[in-house]
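By the count of our numbering, the sequence shown reaches residue 204 at its end, each step adding exactly one.
FYI, nobody ran anything at the bench for these hints, they're computed from the structure. Ideal placement from N, C-alpha and C gives every residue a C-beta, glycine not left out. Please note that the accuracy of each hint is not assured.
[Unchecked claim] Ranges between beta-carbon positions, derived for each pair:
hint, residue 1, residue 2, range
1, 173, 81, 13 to 21 Å
2, 60, 173, 13 to 21 Å
3, 188, 140, 23 to 31 Å
4, 140, 167, 22 to 30 Å
5, 73, 190, 30 to 38 Å
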Amino acid sequence: DRTDNRLPQRVLIAGQRGARVQLKHHLFVLNADGDALCWGANSDGQLGLGDAANRPTPTALDSAAFGGGEFECRLVEVACGERHTAARTRDGAVYCWGDGCPAVSNGHPNHTPSPLPALSVGGATVVQIACGFSHVAALTADGDVLWWEEGALRRPRPPGRVAALACGGYHSLAIAIADDDTSAPPP
């Protein structure tokens with residue numbers, strides 16, 4: 018294929034109405050039904066397909082990796098780090114895969130090309146995730162922040178109730194609402 022990949026290309030994906038997109042050197046498109054398509058760099062297993070082969074075209078991510086069976090756990094959010102990816106299911110579980118995946122327990126290899134459950138979230142329901150260069154942050158329904166880096170779970174305590182979060186390469190941002198602010202909507 019002699020297409021100049023530096024120029025924008027239209028990608029038609031059947032049935033991907035209501036899609037959400039997340040990208041770094043790899044790309045995920047998530048539709049309203051929780052089905053994910055991914056493509057791009059995969060040398061570190063960041064596509065979650067069980068191998069390290071790059072994908073130049075959209076490839077379906079097997080939802081069986083997130084519970085499978087009759088009651089599949091559908092994805093509602095995907096976040097891309099530098100060489101890892103994290104996903105959140107409808108029931109608030111967090112999965113992670115790729116190289117140096119910070120949220121996976123130390124009992125697993127550093128290079129994990131298939132989705133694995135994140136370190137314990139302590140029974141909390143996660144409502145948002147974000148990835149930085151080598152970390153994953155999650156926001157719980159109670160407004161607490163969970164942070165995974167180098168296989169360890171940390172719980173930073175920003176002042177107030179956190180309403181949203183975002184990650185950059187080597188930093189994160191939490192938008193907190195003061196405890197006495199009753200005008201702000203709940204997260």
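For each hint, the structure was consulted:
Between residue 173 and residue 81 the CB atoms are about 34 Å apart, so this pair departs from the stated range of 13 to 21 Å. Taking the beta carbon of each, residue 60 and residue 173 are about 31 Å apart, not inside 13 to 21 Å as hinted. The hint said 23 to 31 Å for the Cβ distance between residue 188 and residue 140, and at roughly 28 Å that hint holds. For residue 140 paired with residue 167, a C-beta distance near 23 Å keeps the hint of 22 to 30 Å intact.
Under the hint 30 to 38 Å, the C-beta atoms of residue 73 and residue 190, about 33 Å apart, fit the expected range.
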